[in-house]
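There are 2 protein chains.
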Amino acid sequence: MKLASLKSGRDGELIIVSRDLSQAVRVPQIATTLQQAIENWDKLAPRLDEVYQALNSGSAEGAFALDQSVLHSPLPRTHHWADGSAYLNHVKLVRQARNAQMPETFWTDPLMYQGGGDRFLAPQDDIEAVSEEHGIDFEGEIAVITDDVPMAVTPEQAAGHIKLIMLVNDVSLRGLIPGELAKGFGFFQAKPASSFSPICVTPDELGDAWKDGRVHLPLTVHLNGEKFGEPEAGPDMIFNFPQLVAHAARTRHLGAGAIIGSGTVSNPDAGGGPGKPIIDGGVGYSCLAEVRMVEQILHGQVKTPFMHFGDRVRIEMFDPNGNSIFGAIDQKVVEYKA
Amino acid sequence: MKLASLKSGRDGELIIVSRDLSQAVRVPQIATTLQQAIENWDKLAPRLDEVYQALNSGSAEGAFALDQSVLHSPLPRTHHWADGSAYLNHVKLVRQARNAQMPETFWTDPLMYQGGGDRFLAPQDDIEAVSEEHGIDFEGEIAVITDDVPMAVTPEQAAGHIKLIMLVNDVSLRGLIPGELAKGFGFFQAKPASSFSPICVTPDELGDAWKDGRVHLPLTVHLNGEKFGEPEAGPDMIFNFPQLVAHAARTRHLGAGAIIGSGTVSNPDAGGGPGKPIIDGGVGYSCLAEVRMVEQILHGQVKTPFMHFGDRVRIEMFDPNGNSIFGAIDQKVVEYKA
Chain H
1 MKLASLKSGR DGELIIVSRD LSQAVRVPQI ATTLQQAIEN WDKLAPRLDE VYQALNSGSA
61 EGAFALDQSV LHSPLPRTHH WADGSAYLNH VKLVRQARNA QMPETFWTDP LMYQGGGDRF
121 LAPQDDIEAV SEEHGIDFEG EIAVITDDVP MAVTPEQAAG HIKLIMLVND VSLRGLIPGE
181 LAKGFGFFQA KPASSFSPIC VTPDELGDAW KDGRVHLPLT VHLNGEKFGE PEAGPDMIFN
241 FPQLVAHAAR TRHLGAGAII GSGTVSNPDA GGGPGKPIID GGVGYSCLAE VRMVEQILHG
301 QVKTPFMHFG DRVRIEMFDP NGNSIFGAID QKVVEYKA
Chain X
1 MKLASLKSGR DGELIIVSRD LSQAVRVPQI ATTLQQAIEN WDKLAPRLDE VYQALNSGSA
61 EGAFALDQSV LHSPLPRTHH WADGSAYLNH VKLVRQARNA QMPETFWTDP LMYQGGGDRF
121 LAPQDDIEAV SEEHGIDFEG EIAVITDDVP MAVTPEQAAG HIKLIMLVND VSLRGLIPGE
181 LAKGFGFFQA KPASSFSPIC VTPDELGDAW KDGRVHLPLT VHLNGEKFGE PEAGPDMIFN
241 FPQLVAHAAR TRHLGAGAII GSGTVSNPDA GGGPGKPIID GGVGYSCLAE VRMVEQILHG
301 QVKTPFMHFG DRVRIEMFDP NGNSIFGAID QKVVEYKA
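Protein chains in written order, with full-length UniProt numbering: chain H, 1 to 338; chain X, 1 to 338.
If you're looking for bench data, these hints aren't it; they were derived computationally from the structure.
The beta-carbon is built from N, C-alpha and C at its ideal position, and this holds for glycine as well.
A portion of the hints provided could be inaccurate.
[As the list claims (entries may be wrong)] A partial selection of chain X residues facing chain H, derived with a Cβ cut-off under 7 Å: (1) 118; (2) 151; (3) 184; (4) 253.
Whole structure, please, built from the sequences with the hints as guidance.
In structure tokens form, the structure reads like this:
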């Protein structure tokens, strides 16, 4: 099943989207918002799925052509947004960029930060930033939406609470990170509003690509129309989603609609090296910070700047037949004037 | 005006509470939840205030006797909960306890962490904890609720977005903090669900005690029925609430219902020392971590343990006539079994 939210009010208006993303239909008789649906998932999901089947077979009443640009993030806001950092190649590279070692415990204990969930960006809306000096970067990631998760669940139990999957652009302000992390309380101003793919899907939509709690497909990232990265999201995710959800719930219950992110998708080389940019024959990256560090390593100098006002990033995932699964995050950076 | 939420559903049911906390009344004709009210504050606040005036004069239809134990936190959940740490005496002491220096920049750049807002505790419900080994502690604080705050507001502009004030128990698991902060991403598992005072109030309810963006009254904390602290919340709050709200909004818009906390209320001595426990003639503290550090300094050893299952903390604030302003946070720690 594929779901999305039309821009409408603070929580959007829930729609069902056809598998090929061409059609959609409102479902006010079942739920008006995705938040409402996820709070009553066991009861409502079968009813939503009936509409989904009808939509795919062309028999859904009220169906209309889908325009991704009018969609908000599937949950335009949430009460809980926590982002892991499960691709340790990313962690190694961004730490290297700020001369920080990666402790061995990072292989056994997931990194995770709590983000702000009150006003996500729509997937095709501009990214407002106060200053280019903040080092504006994107981070292409995958995230899951859970229903209510009890405190101290095991990863095995957590797996059953993963109801929906989507993509994320975890916008990051690299220039603010070192100062902020030095204070010891983690990210805050360095992590402004994120955006999510226009469409979220139930795990079964991914078929064989959803296994071991990971999405085994490449994540495609374009910067200003040029391919920037196509890393595989499966193999190098050191902690899978059930482990990340269990980590988030270790000392507290999670409320329905909680979003847990994977961290920036990143692949090391077969030999354990940091990978290569597309231009050097590698699979590239899904954030600028990594390619900048690798340029430094490979070529002795950073060539790629952080994002300027007017720059555009596009993040998408395709199935083996080339069909977009989640629709596209496609955002331009613009200057925000207070 | 004083507001509260009856336990009901995920967002509670909004009620107006009389100034003396004795009476309350539902207001479904205006708003059914506090979230709804804060999202439409400018329009709804005058109507809510009319009911408040009627309630205080004994002429509100449908008024009933208030029982604080059936109240949830004013916002049982929020899309944005961020907690500052504006009392630097607290920061100094808890850092000293883990052998960390306090940088000079802490006097000019506020500390703030993003918390989980999905499932707050009710103010008189038990605090569930997995293990006493986690070092269970309370933190008595003050917090404000804002309406929509635009990105990059000045502190002067932020002041006008502060609509409601309440108390917080920012439950902390001290045993998990050093390991978690060493990872560099800030608190996560160390900060389980917080609870808030049963009643929140508009700033005008505090009269002269609300000035310079601070609450100039003592915060009263009892541990197992004994007075544990009565620190002054005003003078030693290095960053005021408008500054904290502006800090939170520096790189993003805040959604209505955002909660910004002050950090643990704490007073140094007149001479700049770390203060004294009640038993030593001081004003005491509003968390265990501080008193433990001070015991170490004054007596060469820590005497006070962290909370055991069965222990109870009570956090309240009184006006100069001895009337409770916000009602009482009063919680027992219990073992949680998964």
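- [ ] Answer holds if the nearest beta-carbon of chain H is closer than 7 Å to that of residue 118 (chain X); otherwise answer violated.
- [x] holds (3 Å)
TODO: Using Cβ atoms only, decide whether residue 184 (chain X) comes closer than 7 Å to chain H, and label the hint accordingly.
DONE: Given a least distance of 5 Å, the restraint on residue 184 (chain X) holds.
Open item on the list: Take the shortest C-beta to C-beta distance between residue 151 (chain X) and chain H; is it under 7 Å?
Closed with: Because about 6 Å separates residue 151 (chain X) from the closest Cβ in chain H, which is inside the 7 Å limit, the hint holds.
TODO: With a cut-off of 7 Å on the beta carbons, see whether residue 253 (chain X) makes it to chain H.
DONE: holds (5 Å)
Consistency note: the structure conflicts with none of the earlier hints.
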